[in-house]
Every structure is written in structure tokens, then in C-alpha cells.
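Sequences listed follow chains A and B, in order.
Using UniProt numbering, the first residue of the first sequence is number 1, and each one after it goes up by one.
Using UniProt numbering, the first residue of the second sequence is number 1, and each one after it goes up by one.
Hints may be right or wrong, so weigh each one.
Stated by the list, open to error - For lysine-lysine, the following DSSO-like pairs were computed, each having C-alpha atoms within a straight-line distance of at most 30 Å:
1. B:K43 x A:K13
2. A:K13 x B:K40
3. A:K13 x B:K46
4. A:K10 x B:K41
In case anyone wonders, no lab produced these hints; they're calculated from the structure.
Being a predicted model, the structure only gives us computed values, none of them experimental.
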Amino acid sequence: MWKWLHPYAKPEKSYQLAGKLLPWFVVVTVITFVVGLVWGLLFAPADYQQGDSFRIIYIHVPAAMMAMAAYSTMAIAAFIALVWQIRLAEMNIAAIAPVGAVFTFIALVTGAAWGKPMWGAWWVWDARLTSELILLFVYLGIIALYNAFSDKVLAGRAASILTLVGVINLPVIHYSVVWWNTLHQGATIMKFDKPSMAPEMLWPLMIMIVGFAAFLGSVSLLRFRNEILARESHRPWVSALVTDKLSGEK
Amino acid sequence: MAFESISDFIAMGGYGFYVWLSYGLTFLALIILVVNSIAKKNKILKNVEQRLSREQRIKKAQNMEGTL
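Using the sequences and the hints given, assemble the complete structure.
Structure, rendered in C-alpha cells:
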């Protein structure tokens with residue numbers, strides 16, 4: 001029943017599939033970013049307490065959420081890579097990690113720029129902020145470790161192990177606002193209750209979350225293809241790809 | 001629309017600096033990531049291209065040796 005999946009364990013097939021999916025992800029990214037940003041920046045009403053500073057939410061929350069979603073995806077891939085020794089899963093980790101790191105960086109920077117006017121400080125050593133900073137370091141650690149080995153089999157295994165170790169940070173980030181007294185506000189959307197946000201503010205946020213997810217998908221697919229090409233660069237199919245491209249240009 | 005004029009929009013109710021700082025850095029980071037990803041692909045393809053042409057040159061030189 002699931003046999004149709006088997007060919008995709010072959011790097012060449014995966015490369016082609018990723019190439020077919022990529023344009024769709026890019027289209028969704030562009031549409032949701034345009035709609036979400038115009039709606040969020042121009043049409044959503046100002047917050048009754050925070051005024052227009054709350055508009056930072058439209059990049060802060062999607063970036064933070066997708067930074068964690070990216071990590072979860074990497075963790076699943078790491079498990080698959082370690083248990084079933086599937087090389088493509090390792091390439092998947094290497095492809096997603098830089099996107100996750102950039103999203104975490106965005107969450108931290110936009111959080112700082114939001115914290116300054118609202119809390120009066122760019123940074124506080126608060127549980128949510130600190131655990132998010134650790135997430136950034138874990139991401140950078142995974143990227144550095146993967147690049148530290150020229151033997152990519154070893155690199156993939158080491159990065160997978162570090163990815164699995166870092167999973168412990170995810171529940172800490174999510175529950176940090178519950179477990180400790182913190183300046184950061186509690187969950188607004190991801191809770192077992194109705195979201196505590198007016199729909200005209202919530203809609204653009206949802207659209208931006210989809211947009212960041214699609215961006216994560218787009219760049220991950222792009223980098224996943226890069227990883228396959230780099231590791232398979234001596235295979236005939238890559239040579240054929242390059243010669244085809246060259247004859248196409250002439 | 002939530003704003004009366006363009007200057008109103010840029011001012012963001014007095015929070016303009018923080019809002020535009022956030023959006024500016026966000027899109028700067030996203031653009032750098034995309035540019036880096038595309039550049040990486042071109043570099044890999046270029047390396048393969050160079051290797052292929054080198055292999056071809058070596059093959060050609062070897063054929064020449066036989067004829068001389």
C-alpha cells in the first residue's frame with residue numbers, strides 16, 4: 001500500500017519531487033505575505049492597550065511558531081535518520097536548520113523591539129526569552145557540527161544526535177510562560193480554549209503563520225535540493241543534469 | 001483602514017521606530033537567507049560543470065597522445 005513511497009528514498013527522485021513542489025510553496029508564500037502584511041499593517045485596528053506597536057505580532061509570533069515547527073520536523077527526521085539510516089533524512093536536517101535559525105533570530109529581534117516600548121527593556125533574562133535564545137544556540141550548534149565533518153555520513157549522524165538532544169528545549173519554551181513567572185504574555189492561540197484575540201486582528205495573524213510555514217517549506221526545499229546535489233555531485237544523473245542545462249543555454 | 005495618512009502610517013502611533021526596525025530586520029534576514037540558498041545552488045552546479053570540463057580536457061589530451 002505504501003510502496004509508492006519507496007522510490008523517493010532515491011535522491012534523484014526526491015530531488016525531482018522537491019523541484020515540483022517548490023513553485024507551489026513559493027506562490028503560497030508570496031500571496032500570504034502580501035495579503036497578511038497589508039491586512040496586518042494597514043487594516044487591522046490598533047490595540048487598545050499597546051496601540052500600533054502590537055503590529056510586530058504579525059512577524060514575531062509566526063517566526064517563533066515556525067522556528068519550533070522547524071525544529072520538530074528536524075527531530076522527526078533525526079529519529080528516522082538514526083533508526084533507519086536514511087541519508088535523505090540527514091540532508092533534511094541540514095536543509096531546515098538554517099531556516100529555523102533565521103526564524104529564531106527574527107523572533108528574538110522582533111521580541112526585543114517589541115519589549116523596549118512595552119516592558120521598557122530590550123532584553124530581560126526571563127524564562128521564555130532565555131529558552132528561545134538557547135534554541136538559537138542549538139540551531140547554530142547543529143549547523144556548525146554538520147559542517148565540521150568533511151565525511152558527511154559522520155556529519156549526518158552527529159547532527160541527528162544533537163538534534164534529538166535539543167528536543168528537550170521545545171516543551172521548556174512552550175511551557176516557560178506557565179512554569180515560571182515571566183514578563184512574556186501567555187499563549188494566545190495555542191491553547192485549549194478560544195483564542196483571546198479579536199477576529200479582525202487574528203485573521204491576518206493566521207495568514208502570516210501560513211506564510212511563514214510556506215516560506216519555511218520553500219527555502220527548506222531549495223536547500224534540500226542543494227544538499228542532494230552536493231552529496232551526489234559525482235553521480236551520473238547530476239552530470240547529466242548539468243550537461244542538459246549547459247546545452248539548454250547554448 | 002487604520003491610518004488617516006501615509007505619515008500617520010509611518011509614525012505607527014509613535015511606535016514607528018520599533019515597528020519598522022522589526023519589519024526591516026525580519027525582511028533583511030529572510031532575503032539574505034534566500035539569496036544565500038540560491039547562490040549555494042549555483043556554486044554547486046558550477047563546481048560540477050568545472051569537473052566535467054576538466055575530465056573532458058584530460059580525455060582529449062589522452063586521445064591526442066595516442067595519435068602523435
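A quick look at each hint next to the structure:
no.: 1; hint: B:K43 x A:K13; verdict: holds (22 Å)
no.: 2; hint: A:K13 x B:K40; verdict: holds (21 Å)
no.: 3; hint: A:K13 x B:K46; verdict: holds (22 Å)
no.: 4; hint: A:K10 x B:K41; verdict: holds (20 Å)
Figure legend: structure checked against the earlier numbered hints; every hint is met.
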